[in-house]
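Q: One letter stands for each residue in the lines below.
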Amino acid sequence: MRVLVAIPAYNEEIAIERIIREVQKTLRDFDLLIVNDGSQDETGQVLDRLGVTTATHLCNLGYGRAIQTAIKYALRYNYDVLITLDADGQHLPDEVSGLYNANKNQDWDMLIGSRYVKTHDYSQVPFGRRIGMRLFSLLVRVVTGHHIYDTTSGMKVMRRSVFETLTRWRFIDFHAESIVFLLRLGYRIREYPITVVNRKQGRSMYTALSHITYPLKTSLIMLLSVVQAELTRRRK
Amino acid sequence: MTLHGIIVLILVGLVLMVWILDLVRRDRLYVGYGAVFIIPIVCVILVLSLPQLLSYITRLIGAIFPASALTLLALCFIVFMLVYILTQVTIVSNRLAVVVQELAIQRAKDANNTNALNSPRAGDK
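Line order of the protein sequences matches chains A and B. Letter by letter, the first sequence follows residues 1 to 236 of the numbering used here. Letter by letter, the second sequence follows residues 237 to 361 of the numbering used here.
Take the hints with a grain of salt, since some may be wrong.
[To be verified] Simulated crosslink set (DSSO-like; lysine-lysine; CA at most 27 Å straight-line):
| id | chain 1 | residue 1 | chain 2 | residue 2 |
| --- | --- | --- | --- | --- |
| 1 | A | Lys118 | B | Lys345 |
| 2 | A | Lys217 | B | Lys345 |
| 3 | A | Lys236 | A | Lys72 |
[To be verified] Stretches of chain A that chain B covers, calculated by requiring three or more beta carbons in the stretch to come under 8 Å of a beta carbon on chain B:
| id | stretch |
| --- | --- |
| 4 | 52 to 58 |
| 5 | 67 to 74 |
Rather than coming from a laboratory, the hints here were simulated on the basis of the structure. In this text, a Cβ means the ideal position worked out from N, Cα and C, and glycines have one as well.
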């Protein structure tokens, strides 16, 4: 079984080297792809020095497009499983094996590394984000009937069965909207408990403005996902 | 509307039409976008040239004055154009994203192959 670990990176010159070294140390059997999403800092030079396989966007296309590039790469070069991690070091590569094995033993199309599936406790999250996460979780439940506690996790295991579907439509960040789209099409998605450490270096990709635009855009695209999934089902 | 107002509007329409046709001729404006402007301009000139048609349209949309009817139609056209232009921008940006992604994937594979060729194989000295 061919497995690709993909890490989208945008201006992560400080954190990227550590995460790559950890992945190379702990996940020796898996191929690694870094999607450099038009970084303007020294991320490109760090990646060149480390000699890892890098897909470089000539301009910044956003997180969703970076994930989509990884999916297209996995689809084109016949990978069976794609694992995505964030480049900011919040995900522990040690936990990838557990996530991968859990998915291997079951028949799920996507397994989401979840911070909240075990405890259902959002108290560590800042107030504004907590409301957003609860809202998206509720919306996913209303439109799909499935309870997904962590809709914004960047740590996912995807099987080849979903690759083509995920390249056919436009997602913002591959968060709640992609989950709704896949669930409405009948794919099986589950969560698996993981630990997330707070970002130590670098800056978040979310700006002050995106805290307002993100919920609006995601809610709209989630509702459109329901319509698009229905149309896709009828066409089949 | 006064005759003076109608003549001014028709002249503005004709100047706009000549400008757009010239832009299309010099390949500064895509012929499709030119048509999107030319068709409404011709329609407005036609409406202004036929006072009975203008009165009919005014009654049809519930306006009191012909000038109000024309203003409303102009606002609708501007909104339509904004949406149309934004759809075109989205189409171009989607195409650009696909090109950037394809280039990234291709270059990643090429670099990977080069690395594999350059790295010493097992047994090589």
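Q: Each of the hints needs a verdict: does it hold here or not?
A: Verification of the hints:
no.	hint	result
1	A:Lys118 / B:Lys345	violated, 39 Å
2	A:Lys217 / B:Lys345	violated, 34 Å
3	A:Lys236 / A:Lys72	holds, 22 Å
4	52 to 58	holds (count 6)
5	67 to 74	holds (count 4)
Hints 1, 2 from the list above are not met by this structure, while the remaining hints are.
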